[in-house]
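Enquirer: For reference, the chains in residue letters:
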Amino acid sequence: MVRQVSWKIGGQQGEGIESAGELLAEGLSHQGYYLYGYRLFSSRIRGGHTNYNIRVSLAPIASIADNLDVLFALDQETVGLCAGELCAGGLVVADAVFLPVLPENFQGTLIAVPLAEIAAQAGSTKMKNVVAVGMTAAMLGLGAEIWEEPLHKEFGEKGDKVLQENLSAFRSGWHYAMKAPELAGRYKMDTGDGTSRPYIIGNDAINAGAIAAGARFMAAYPITPASEIMEAMVKRLPELGGRMVQAEDEIAACMMAIGANYAGVRAFTATSGPGLSLMAESIGLAGMTETPLVVFDVQRGGPSTGLPTKHEQSDIMAAVFSTHGDAPKIVMAPDSIAAIYPDTVEAFNLAEEYQCPVIVLSDMQLSLGKQTIDPGSETDIQLRHGNLQSAGDLPELPQNQYFKRYQITADGISPRVIPGTKNGIHHSTGLEHDETGRPFEGSVNRVAQTDKRHRKLTTVQARFVEPIRVDASDAEAELLVIGIGAANGPIAEAVLKLRQDGVCVNHVRLRLLQPFPVEALEAEMAKARKIVIVEHNATSQLAALIRMHTKPAGRMHSVLKYDGNPFRPAEVAAGCKEVL
Amino acid sequence: MSSAADFQTKVKQNWCPGCGDYSVQAAMQRALGDIGLEPHEVVIVSGIGCSGRLPGYMNAYGFHSTHGRSLPMAQGVKMANPALTVLACGGDGDGFAIGLGHTMHAMRRNVDITYIVMDNHIYGLTKGQVSPRSDLGFKTRTSPNGAAETPIPALEVALAAGAGFVAQGFSKDLGELAGLIAAGVRHKGFSFINVFSPCVTFNKVNTYEWYSRRLIKISGLAGYDSSDRAAAMNCVMEYDGMVSGLIYERK
Numbered sequence: 001m002v003r004q005v006s007w008k009i010g011g012q013q014g015e016g017i018e019s020a021g022e023l024l025a026e027g028l029s030h031q032g033y034y035l036y037g038y039r040l041f042s043s044r045i046r047g048g049h050t051n052y053n054i055r056v057s058l059a060p061i062a063s064i065a066d067n068l069d070v071l072f073a074l075d076q077e078t079v080g081l082c083a084g085e086l087c088a089g090g091l092v093v094a095d096a097v098f099l100p101v102l103p104e105n106f107q108g109t110l111i112a113v114p115l116a117e118i119a120a121q122a123g124s125t126k127m128k129n130v131v132a133v134g135m136t137a138a139m140l141g142l143g144a145e146i147w148e149e150p151l152h153k154e155f156g157e158k159g160d161k162v163l164q165e166n167l168s169a170f171r172s173g174w175h176y177a178m179k180a181p182e183l184a185g186r187y188k189m190d191t192g193d194g195t196s197r198p199y200i201i202g203n204d205a206i207n208a209g210a211i212a213a214g215a216r217f218m219a220a221y222p223i224t225p226a227s228e229i230m231e232a233m234v235k236r237l238p239e240l241g242g243r244m245v246q247a248e249d250e251i252a253a254c255m256m257a258i259g260a261n262y263a264g265v266r267a268f269t270a271t272s273g274p275g276l277s278l279m280a281e282s283i284g285l286a287g288m289t290e291t292p293l294v295v296f297d298v299q300r301g302g303p304s305t306g307l308p309t310k311h312e313q314s315d316i317m318a319a320v321f322s323t324h325g326d327a328p329k330i331v332m333a334p335d336s337i338a339a340i341y342p343d344t345v346e347a348f349n350l351a352e353e354y355q356c357p358v359i360v361l362s363d364m365q366l367s368l369g370k371q372t373i374d375p376g377s378e379t380d381i382q383l384r385h386g387n388l389q390s391a392g393d394l395p396e397l398p399q400n401q402y403f404k405r406y407q408i409t410a411d412g413i414s415p416r417v418i419p420g421t422k423n424g425i426h427h428s429t430g431l432e433h434d435e436t437g438r439p440f441e442g443s444v445n446r447v448a449q450t451d452k453r454h455r456k457l458t459t460v461q462a463r464f465v466e467p468i469r470v471d472a473s474d475a476e477a478e479l480l481v482i483g484i485g486a487a488n489g490p491i492a493e494a495v496l497k498l499r500q501d502g503v504c505v506n507h508v509r510l511r512l513l514q515p516f517p518v519e520a521l522e523a524e525m526a527k528a529r530k531i532v533i534v535e536h537n538a539t540s541q542l543a544a545l546i547r548m549h550t551k552p553a554g555r556m557h558s559v560l561k562y563d564g565n566p567f568r569p570a571e572v573a574a575g576c577k578e579v580l
Numbered sequence: 001m002s003s004a005a006d007f008q009t010k011v012k013q014n015w016c017p018g019c020g021d022y023s024v025q026a027a028m029q030r031a032l033g034d035i036g037l038e039p040h041e042v043v044i045v046s047g048i049g050c051s052g053r054l055p056g057y058m059n060a061y062g063f064h065s066t067h068g069r070s071l072p073m074a075q076g077v078k079m080a081n082p083a084l085t086v087l088a089c090g091g092d093g094d095g096f097a098i099g100l101g102h103t104m105h106a107m108r109r110n111v112d113i114t115y116i117v118m119d120n121h122i123y124g125l126t127k128g129q130v131s132p133r134s135d136l137g138f139k140t141r142t143s144p145n146g147a148a149e150t151p152i153p154a155l156e157v158a159l160a161a162g163a164g165f166v167a168q169g170f171s172k173d174l175g176e177l178a179g180l181i182a183a184g185v186r187h188k189g190f191s192f193i194n195v196f197s198p199c200v201t202f203n204k205v206n207t208y209e210w211y212s213r214r215l216i217k218i219s220g221l222a223g224y225d226s227s228d229r230a231a232a233m234n235c236v237m238e239y240d241g242m243v244s245g246l247i248y249e250r251k
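Quick mapping for you: the protein sequence lines, in order, are chains L and H. Okay, so the first sequence: first residue is 1 according to my numbering, each after it adds one. Okay, so the second sequence: first residue is 1 according to my numbering, each after it adds one.
Okay, chain H solo, but in the shape it has when bound (with noise of 0.2 Å):
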């Protein structure tokens, strides 16, 4: 049986102090060791920005493929070799705006993989451009009047589109982040889990305290039923997208 140690590696991430990425990195370790895997078993791909160096920092194979195309690329790995265990990660530019084609199109294929997106709101490795979950007014180098366009509604796309598995994460609690990557890499079919995962450096609005504010867990709405479609899809625009926990699983 392997642990989370077994996925860590001696590798210095390259993200800044305090970048919610590094719990994203901690709670994949935690998932993949909690389930049982091995290292070997496990295909890790990415997107290009910053949470696209994510795979590098896994002891377990790690592809860090172009921007935008870590989903058709972790398709075909699964696709050829069912007997992986194969994740896709990457940032919000990487799966709502370049790749956002590609992301629906993987959720209705409904190829078992397990995709996470590190979501900050900005464009962090191109040090702070407007992002397609940036939201209205939001104020970056190529938005200096504020954002003019509506953020992707991210969970409403994903539900929209058919995913299977639909689940949203904080950086800032790492135990229920693991608990989703888990049940998502055991989902038989897609599964999509958006993690808020803080730009210390670029967002300066977007913060742990500011999504700690807003966020409402899940698990303590009464009488919520996560196989109701419909009701996830009501508790989402509800919350307009602040709600963490398993939001959706198709049964």
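Isolated chain L (complex conformation) (with noise of 0.2 Å):
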């Protein structure tokens, strides 16, 4: 018996490699195991090593494993690339049609199938994917009838005979496995608790959120790894009175949506950071004129086109600082798949209590990582809009006077209208200017409307649901961690494993860039000797933005990553028994 299998399927982009682990995946999830499925692939449709690792455990996992426990290849390249990822004792089953052959000094064992041919006396080899996972089902000790479903639902839509050979495929392939010693049984794992879990990206968890936080319209550019929100609102949207424009490149897109949001309807877009740094320019737009606007930012390897297809989080000074100018601006980062959801509601709302820019920071590995989720863990839904007003609220305005929708409040935050609204006329201009939002230069005025826009920030921090989430179970500890984004997954997992080596860690996940969770962070700070901080990027800029905002600590470490790939729990545990 185990608790967790690391399992991956790798071939040629095109053979099947997703629909493979997707297929694997929906068996497992109504069984009430936890998975954590991660992809890789590479800018081109067809041809090129592609693979899909899906991790099964008994407990929830929000990580890749440290090692490979099974690899499935479809060809010899991808027994190359992969093989050194298997534990020892590893199991490489491969092909037999290609004639497989282990790497040199390789100490795992090989199993060729005959994948291929099973596949076509099923009736093509193209199902040699689904034979597979077949034998999967036979490895983990499960019954085939667990796919029964499963495979209805996959191929159901494409006529009974599709249906009829991929049932075989999987049933002879489950039959194969059942019948070799070697694998039969060899990965049996406990009984799931039987919950069924969506199985979903995060970027479905963004998708979900924009729409119970009332969001209506988006405007966006296609760009990987943000391009599923579009396609989903796309579909969505018009059913609910709603529009997703595709915009001619993401400046459009930006501008749309602050028009959309200025007009009263809650609209937003979705890129990563070659279309970040097209937004910039608006952004600061909605920071002078005060207007509403979510924009989520799903990182990915750069700089410039960078690897388009790779996680990175190097973004994390551009969505904080990359609009010139003082512009009022919130930077959130959600800190696993589980917090995308209740965060991006949450973003939604204080675009429009604190009337400006809200930039939500995703990243490859949050967003197109695929989980289980506990179901029922979505937070009451409450939609807050400030301090807006409508047309009864309003007295009549004086002849050609505008409203004073720029007022100097205590709070900072000036009374919203929209139009359409009568007696609410204003202007707005991305141009310094008055209470009414005429163009002004005067020097006191200026001080005041720029003191105006920054003072209504600092109530962000009270009202921000755990701008750091802490796991601190010790008050005074040899190390602190932290992270952010989806590096808190094998940070969680590296943290129990020192633990369990007697180590005495806390782990803090940061999940409020702007304005800075000053004193909350300092004082985690203070109960650690030294601290670690992890992160996707070779210029330590979360730690950057750390120094700049706390006080000296002279004992912050970094443990950095960048090659395009998610850190391994193993990985930042080794990092932080370094910084000990």
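Hint data in this document are derived by calculation from the structure and do not stem from the laboratory. Only true hints are included.
Here are some, though not all, of the chain H residues that point toward chain L, as calculated from beta-carbon distances under 7 Å:
{"#": "1", "residue": "Pro39"}
{"#": "2", "residue": "Gly56"}
{"#": "3", "residue": "Tyr61"}
{"#": "4", "residue": "Gly62"}
{"#": "5", "residue": "Phe63"}
{"#": "6", "residue": "His64"}
{"#": "7", "residue": "Thr66"}
{"#": "8", "residue": "Gln75"}
{"#": "9", "residue": "His102"}
{"#": "10", "residue": "His105"}
Ideal Cβ positions, reconstructed from N, Cα and C, are used throughout, including at glycine.
Dock chain to chain to rebuild the complex, using the hints, since each chain is given by itself in its own frame.
Expert: Structure follows, in structure tokens:
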């Protein structure tokens, strides 16, 4: 009996690698197993190596595993590229058709199986991916009948012939493995808890959160790894009376979202680093005109076109600082796939309450990593609109006078009206302006308006749900590990491992980057003798941001990874041990 | 019912005396009043440049956005709330240099807004640099040897990009311009109105007199059919863009 298995299937793009992983997951996620899936793909559609790693566990997981237990290889390239990830005693199950050989000095076991041959007997060699999943089921000690429904779901619409062939391919693979002593039940797991859990990517959670938040307009430009969001919204929004527009570029997308928000409809855009760069100017306009705006940035490898299909967290500084001038802005970073949904709703609330742009930093691992989510973890949704005035609230405006849309107030938040509201006519401009919005460069007014725009943000931290999320069992720790976004998954696992090894270690997930939660973080930093900041970039951007805001600590260390791949828990643990 | 006066404010414009933009503002006020719109039902979005200040002189919801980006902003407003009457305005640099991409895409997207370009063939607010509408050989601070690039043919671009309403006005003819703006607002879909709006300070070539000598009224052309796109394109090319009036409206 094993408690977790890390499985990977690899081959050429177009060989059904993704659908094999999805089929495996579809069966397991309804049996009460926790799953974490991560795909490797490249910027081409057909050809080129691709693989799909699924980790199956009896406990919740938010990270890839340290090592692979089993690798299904549809070609020799996969063996060469991925065999090194296997644990001691790991297994390569390869299609006999390409006469697989193990790399030199590799200690694991290679088992050649007739994937293509079994698939051909079932109707087509194309179904070798389905045969592989059938074999996997037998290796996990699970019955083939569990996959009847997933197979119907996947192939039912493609006609009875296709369905029957795939059912046959799956069963044949399962029977083959059941008869092979070195495969049958080799990774037999305890029975799952029986709970059916949605298996979703982070971008799915962004979609659900945006809909729940009442967002009804999206404008965007296609970009990996954020395109799933516009693809979902183009279907979902019209059902709700809304609209998704594919703009001519990210500048237009951001400006359209600003226009829609100005007109009173919750609106957003979603992009990745290159798009965020183009949006910088518009984000400043939203800040200056105090227009709500929500921008999702799903970070990928930069700079420039960088690594478009690989993971990185190198837009931290760009999100916080890229706009010119002193633009008011909120930057938040959900710390898990489960956090994305409530955090997305909150982003729309904050944008409206604080009348400013809100950038939600995701990353490729968080947005495209796929994970089972416990049902019912969604919090109650509250929509807050802040100081939004309706026509009934407004006294008649004197002839030819504007409403004081930018009124200087104690909390810095001015009354907002949307166009179409009687007695609310005002001007909005990217120029410095007076309380009615008219351009005005007077120095006293300039200072008063600037101060107002920043004063309003002073209450964000108090209102924000957990600016930092703390796992600090000890008031005095040897080590504090700080992480952001998806890195918190492997960090959490590394922390458990370090504690098992007797290290007294705390973990902080930083969730709000602007305004920065100085006091909350300093309090946690003070409890630890040494601090490690774990992030996916080369220039320690998160560490630099922390240093900029907090009292000099002088004991901060970085564990960095910027090769395009997510951290493994053991890498984080090793980095921490080096510091200790 | 409203009138032009309802769209007026007491704010003094920061335009030079004689600037063509005064007439565009007055024509816009007259058109909106003639249609009978209430000021709070109207949103005017502008870009950056002398002309970009126009919404700030109107009694209507105004949004002075960024350089070249008035159109995506205005489309966002209209798509979010189709009950609003939305106009966008700016200069020739705004619409045909930094914002040309947005201009063409707005034309093919056909969102129901009216776009007015105050075309003076020069960059006025930055004190006299060459514009994408400057004529070949036009000397400015940044083209001391004369503009080396051919001007963007604004009307041809609009017709080619699929705009369903294409018109051209002149600041000297307020009546014609107000009529064109009203027709543009009434047109269901994207309306493009290019307005020759002379810069009296930095453009000493393309003056009121210069345009007056060249412009031909399209209404005076016998048998002209403004619903014929090919004829419209021919006419614009034949007269090198020097025509005023309704050039094309898709029926």
